[in-house]
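Undergrad: Protein sequences appear in the order of chains D and U.
For reference, each letter of the first sequence is one residue, going 1 to 268 in my numbering.
For reference, each letter of the second sequence is one residue, going 1 to 689 in my numbering.
Simulated from the structure, these hints should not be mistaken for laboratory data.
Note that the coordinates shown come from a computational prediction; the quantities given were computed from them, not determined experimentally.
Hints may contain errors.
[As the list claims (entries may be wrong)] Pair by pair, the computed Cβ-Cβ distance ranges are:
(1) D:Arg127 with U:Val423: 17 to 27 angstroms
(2) D:Thr210 with U:Gly335: 54 to 64 angstroms
(3) U:Pro291 with D:His224: 29 to 39 angstroms
(4) D:Phe29 with U:Ala159: 29 to 39 angstroms
[As the list claims (entries may be wrong)] Per the computed footprint, the stretches of chain D lying under chain U, defined by three or more beta-carbons under 8 angstroms from a beta-carbon of chain U, are:
(5) 100–112
(6) 115–128
Glycine included, every Cβ here is placed at the ideal spot set by N, Cα and C.
Each chain, written out:
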Amino acid sequence: MSGVVGASGMGGGGAGSPLLSVQNVSKSFGGIAAVSQISFSVSAGESVGLVGPNGAGKTTLFNCICGQLRPEHGSVLLNGETITGLPVHRRSRLGIGRTYQRVEVFADMTVAEHLLVAERARRGDGRLWRDLCNLSAPRAEELAKVGAVLELVGISDQADIPVSSLGLGSCRLVELARALAAEPVLLLADEPSSGLDVTETRELATVLRTLQRERGMAVLLVEHDLAMVGAVVDRTIVMDLGSLVAEGTFEEVMADPAVRDAYLGVSA
Amino acid sequence: MSQFLGFAIPGIPYGCTYAIVAVGLVLTYQATGVFNFAFGAQAYTSAFVFTKLVQNDGMPVWLAFVLSVVVLAPILGLALDRFLFRKIPNTNTTAKLVTGISLFVGIPSLLPVLFGSQSQFNAPSILFNPNIVYFRLAGTPVNGIYLSSAVVTAAVLVAVVVLMRTTNLGLQMRGAVESRRLVQLDGVIAGKVVATAWAVSSLLAGLAGVLLAPIYGQLQAQDYAALLVAAFAAAAWASLRSMPIAAVVGILMGVASTLLQGYLPPDSTLSAAVLPSLPFIVLFGALLLVPGMRRLDDTKDPLASVDPPAPPTTATLRAPQLSKIIRRLWYLLLGAFIVSMLTWIPPTWENVFNEGLALSTIFLSIILITGMGGQLSLAQATLAGVGAFTAAQLANHLGLNLLVGALVGAALAAAVAVLLAVVSLRLKGLGLALMTIAAALFFDNSIFSLPSVSNGQTQTLRQRWIGLGVFNPNGHALFVLEILVLIIAVVGVLLVRKGTIGRFLTAMRGSEVAAAGLGINLTWQRVLIFALSGVVAGIGGTVLVIQQQAVNTALFNYEFSLVFVVIVVTTGVSTIEGAIQAGISFVVIQQLLTFLPARFGGNSLTIVLFAAGALTYAAHPEGILEYNKRRWTMRFERLLFAGSSDPPSREPAQMAGAGGGTTHHPVTGTTVDTVMVEPLAGHDPGSTR
Ligand SMILES: Nc1ncnc2c1ncn2[C@@H]1O[C@H](COP(=O)(O)OP(=O)(O)OP(=O)(O)O)[C@@H](O)[C@H]1O
Ligand SMILES: [Mg+2]
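Based on the sequences and whatever the hints tell you, model everything.
TA: Written out as structure tokens, the structure reads:
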């Protein structure tokens, strides 16, 4: 299955430099420090969980990494090179894939078209002359690849259905497949299991685990379903009120009193 | 000093009316979220009725004022709220804009249809007599017009301040500034706040209309459109938030325009270029410089996510067999049309259809930018004009063939479109609409009338500029030329639409955030679609003037840009046949109406019809005509496949994703990702032909 989604996963930088490195990143909205002084790193092929209560700043941190937001301080490095100044689409082409907490699908497209767009966007395709010469029809190898990713995520049967007639759970899987079609070296998944039922969640966890193991894709996973986090990640980071409160294996951080405080203090 | 005042004082009546309308704009925008493009038309309506009551029916001025301003204006505003704007969800910026534009275009055309088309002259002044000089200010005579507008404006501003500061309702309206949702959650009060805002601001519009009327000898809708755009500028400098700033900027603009007129050398190019365009330059400046204007559509409201997402556009896939049948029908229709044009259709109607074909080409540019690009541009007639004037001038001065000139003109139109895209990169929705209308007005007033462009005159095209017997009224060369151009343009647009760029644009319309997140360069795509739309508009413009055999500024003024949008929105902005239906139906209806008695208003009625069609945009974003077409094809489909076990027709589906994402965490977590994307285009995968 590793051949299916390509082999760009091993794109780790020089020896020693982590795949993603977040250094002292801060972002505030008005007076609220949504993210303050966060530093951590993710190695190539590693799977890291990012958990914390509502409003902890997880999505904001994702937005800083992907470029939707510009942090006020700090920098983000991919393969040892700083990407803090790059626009969203450039970062994406460097291999950062993402799914969104609030589903962001393309309402006018079928499921398969989502993946085709992802594949072409990654290559920076879209020459006007090619379109005008009618050279833009989906090619066989593109279709094969789209089919393979759909298979992997388990939504092959929905390939030709417009997303506007899918439920929330399926839309999340479409988002995941779309991100995977672009062959990211790092996948940022923002609450991928919300809206999925227990079985679907378990399957999703398996897919993520497989991808990470077999093609070395690093995963940064934001998730409220701690069971799923436990099943997928190698390491867990806990955020609360914009700050990093704990880091370690899943069992370690769950045992950490500071983490209990963070959760109980907010949501009890 | 006395010279200064002598220049400044005549600007006061203008400034006062700008201020009043600007305050009304800010008031409705803050309290209801609607930026009302119809205010100019409402002002015109009150002025029209007021003048008519006094001049034709001999009513006393005070009674006419009460009826037209105090009674009619608020009722009109309440009706607009009740029957149109209240039904549009707050997040659907495009629907609000399109509705406003339809009213902007439709109401002034409706008045002559209702009340007869004779013009109104010499509107009476309220309060003071325009012919009496009441006193002199440093030597400058102050007559009744100045005095009325100053006194009334002062009174109005005081009244609005009192309303906002001291009454309970004012408090709630100011609350709406902070969080519209918070106020609206309290259902009963929300309705009252919204209704009051509409009534009050419409009253202000009516008042401004009546105040402005005596300044002009003849009452004309254009002057009220200019008033509205000036008020746009004032409101924009106030970030659409602060009424005092809007009022002050409005007054300053009025005064500044007469000051400039006084001090600039009268015959200089500078005064020719700057003066008529002052309001548009001011608006342009606000859009570029005022940070609040660039963030208009970013929802900052902490409760924004409580709003339902913009309604999904109906997704109806046709069965492949049906698509094939329909495609064949289109080819058949095209063949029949071409043969008919070449054989039995009389020259009058051939000419009508020729105009329709030229317009269809221009309308294709709207399909590109609005249907595919998801951006509402109000400058498409301007882009067509850039193409047309370029081709005509090149032919006139260099003897370049018009067909070659058309390509140069198209390139220039594309360049202008790119410039427009670049200055408005960070604007969308309302901001972009304002930017493009400012550009259109700027071109109308300052560029197209330049001596080297048109000198404000009509230029007749010569046969030798194009050859091929195109101008021969008994031949079919013009038709052949036009149909060829249209077919080439349609094929080009189709290829782009089903190619990679089309897919990227569809992605962007669905979610800009996700599109960028996949590696699509949003800026580049946007510039590209503007450029393509400029090329098509430029070529269409040249074809139109070839058909008209003449070129002048009146063919391409900003009103046409608005009318064009209204027409295409009615027939369907998301499909390519929408452009062709628009072009043909517009000229055919216009021609048919000439058989009606003049009493029914002729051209005005055509525009009223299309404006009425466009008012349904909120309910049928795919276009009311397209909607009905789909309904009929669906019925047909059911009939056709009635027996089969697997009915291929899919009912309009509902969008599951967008709403679902917000249910999980209704308040937090959704704010960053809530960049609402205009669902401008209906989708229509089935009709990609
Ligand atoms: N665009 C914004 N404007 C203002 N405040 C914001 C914005 N985006 C996020 N915030 C605030 O920043 C804080 C962190 O929000 P964020 O969405 O990053 O949290 P989260 O950890 O993803 O929460 P959740 O688990 O609910 O998704 C919250 O207090 C939120 O209200
Ligand atoms: Mg979040």
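Undergrad: Range first: 29 to 39 angstroms. Now tell me if the beta carbons of Phe29 of chain D and Ala159 of chain U are that far apart.
TA: Given a distance of about 38 angstroms, which is inside 29 to 39 angstroms, the answer is holds.
Undergrad: Measuring from beta carbon to beta carbon, are Thr210 of chain D and Gly335 of chain U in 54 to 64 angstroms?
TA: For Gly335 of chain U against Thr210 of chain D, whose Cβ atoms are near 56 angstroms apart, the range 54 to 64 angstroms holds.
Undergrad: Establish whether the coverage given for the region 100–112 of chain D by chain U is satisfied; the threshold is a Cβ-Cβ distance below 8 angstroms, and no fewer than three residues must meet it.
TA: With 11 residues close enough to chain U, the hint holds.
Undergrad: Looking only at beta-carbon atoms, does the pair Arg127 of chain D, Val423 of chain U fall within the given range of 17 to 27 angstroms?
TA: 26 angstroms, holds
Undergrad: Evaluate the given range 29 to 39 angstroms for the C-beta pair formed by Pro291 of chain U and His224 of chain D.
TA: Cβ of Pro291 of chain U to Cβ of His224 of chain D: about 36 angstroms, so the range 29 to 39 angstroms holds.
Undergrad: Check, residue by residue, whether the region 115–128 of chain D contains three or more positions whose beta-carbon lies closer than 8 angstroms to a beta-carbon of chain U, and give the verdict.
TA: Result for this restraint: holds, n = 11.
This entry satisfies every hint, going by the numbered hints stated previously.
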